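Participant: Let the hints inform the model, and build the full structure from the sequences given.
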Amino acid sequence: NAGVTQTPKFQVLKTGQSMTLQCAQDMNHNSMYWYRQDPGMGLRLIYYSASEGTTDKGEVPNGYNVSRLNKREFSLRLESAAPSQTSVYFCASSDTGRAWDEQFFGPGTRLTVL
Amino acid sequence: RKEVEQDPGPFNVPEGATVAFNCTYSNSASQSFFWYRQDCRKEPKLLMSVYSSGNEDGRFTAQLNRASQYISLLIRDSKLSDSATYLCVVNMGSNTGKLIFGQGTTLQVKP
Numbered sequence: 003n004a005g006v007t008q009t010p011k012f013q014v015l016k017t018g019q020s021m022t023l024q025c026a027q028d029m030n031h032n033s034m035y036w037y038r039q040d041p042g043m044g045l046r047l048i049y050y051s052a053s054e055g056t057t058d059k060g061e062v063p064n065g066y067n068v069s070r071l072n073k074r075e076f077s078l079r080l081e082s083a084a085p086s087q088t089s090v091y092f093c094a095s096s097d098t099g100r101a102w103d104e105q106f107f108g109p110g111t112r113l114t115v116l
Numbered sequence: 011r012k013e014v015e016q017d018p019g020p021f022n023v024p025e026g027a028t029v030a031f032n033c034t035y036s037n038s039a040s041q042s043f044f045w046y047r048q049d050c051r052k053e054p055k056l057l058m059s060v061y062s063s064g065n066e067d068g069r070f071t072a073q074l075n076r077a078s079q080y081i082s083l084l085i086r087d088s089k090l091s092d093s094a095t096y097l098c099v100v101n102m103g104s105n106t107g108k109l110i111f112g113q114g115t116t117l118q119v120k121p
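Listed in order, the protein sequences are those of chains H and Y.
Each residue of the first sequence is one higher than the last, beginning at 3 in our numbering.
Each residue of the second sequence is one higher than the last, beginning at 11 in our numbering.
Since the hints were derived computationally from the structure, they do not count as laboratory data.
One or more hints might be untrue.
To spell it out: a stretch of chain Y is covered by chain H in this simulated footprint if at least three of its residues, at any positions, have a beta carbon under 8 Å from a beta carbon of chain H; those stretches are [what the hints assert, rightly or not]: (1) 53-65; (2) 70-83.
Simulated crosslink set (DSSO-like; lysine-lysine; CA at most 30 Å straight-line) [stated by the list, open to error]: (3) Lys12/Y to Lys59/H; (4) Lys52/Y to Lys11/H; (5) Lys108/Y to Lys59/H; (6) Lys73/H to Lys11/H; (7) Lys55/Y to Lys73/H; (8) Lys59/H to Lys89/Y; (9) Lys73/H to Lys52/Y; (10) Lys59/H to Lys55/Y; (11) Lys59/H to Lys16/H; (12) Lys11/H to Lys108/Y; (13) Lys11/H to Lys55/Y; (14) Lys52/Y to Lys108/Y; (15) Lys52/Y to Lys16/H; (16) Lys52/Y to Lys89/Y.
Just so we're clear, the structure is a prediction, and the values are computed from it rather than from any experiment.
Beta carbons: idealized from backbone N, C-alpha and C, even for Gly.
Facilitator: Below is the structure:
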């Protein structure tokens, strides 16, 4: 099993460009999450999907959109990138989305917006 | 005030030392508590869940004090391989998997 995979691993954008970060899991998990990690800030939840067909905002959703394409895939879109969106983005998944579930993380996408 | 607060360190300790990390959280409705480990430029991985009764996994012991909203992690007989950042994590309340992460405490174990 590959677990949680993310593409691309690295990306450099110019201000105003758009891009989609891809995430897929092969563990048949119901819930998926997008986080960003900035120095000194810890991971912050951007959006999550409790189950296929549902999405909800996390702590820092502004400037992002998500799509739960099917049970396996959960994408994150930046419509008009800003330098403040320079960060490391992690996708995660968990079995049921309940409180005590372990979350499994992908290797991350390192995004720089110039 | 941050919702989950940790001393960022770094903690520099010799091999074989015992080291303790502490964490406080502000949401009294939080129901689940964890320590995740993150190696440099890697993804976080679950180290252990933290239960009200306290729990131990080999050299690692975690404690939870709900009244004080305080979580701790004790590492005994530190190994070089324990060098990493330790993330204190709580859920946002109710039975949700939406998590809040502390900024992490960095541990460097030296020979």
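Participant: Could you run down the list of hints and mark each one as holding or not?
Facilitator: Checked hints:
1. 53-65: holds (count 5)
2. 70-83: violated (count 0)
3. Lys12/Y to Lys59/H: holds (19 Å)
4. Lys52/Y to Lys11/H: Status holds; Cα separation ~12 Å.
5. Lys108/Y to Lys59/H: holds (10 Å)
6. Lys73/H to Lys11/H: holds (22 Å)
7. Lys55/Y to Lys73/H: holds (22 Å)
8. Lys59/H to Lys89/Y: violated (40 Å)
9. Lys73/H to Lys52/Y: Distance ~25 Å between Lys73/H and Lys52/Y Cα, so the pair holds.
10. Lys59/H to Lys55/Y: Judged against 30 Å, a Cα distance of about 23 Å means the pair holds.
11. Lys59/H to Lys16/H: The hint holds at about 26 Å.
12. Lys11/H to Lys108/Y: With a Cα-Cα distance of about 24 Å, the restraint between Lys11/H and Lys108/Y holds, given a limit of 30 Å.
13. Lys11/H to Lys55/Y: holds (18 Å)
14. Lys52/Y to Lys108/Y: holds (21 Å)
15. Lys52/Y to Lys16/H: holds (25 Å)
16. Lys52/Y to Lys89/Y: With Cα atoms ~19 Å apart, Lys52/Y and Lys89/Y stay inside 30 Å; holds.
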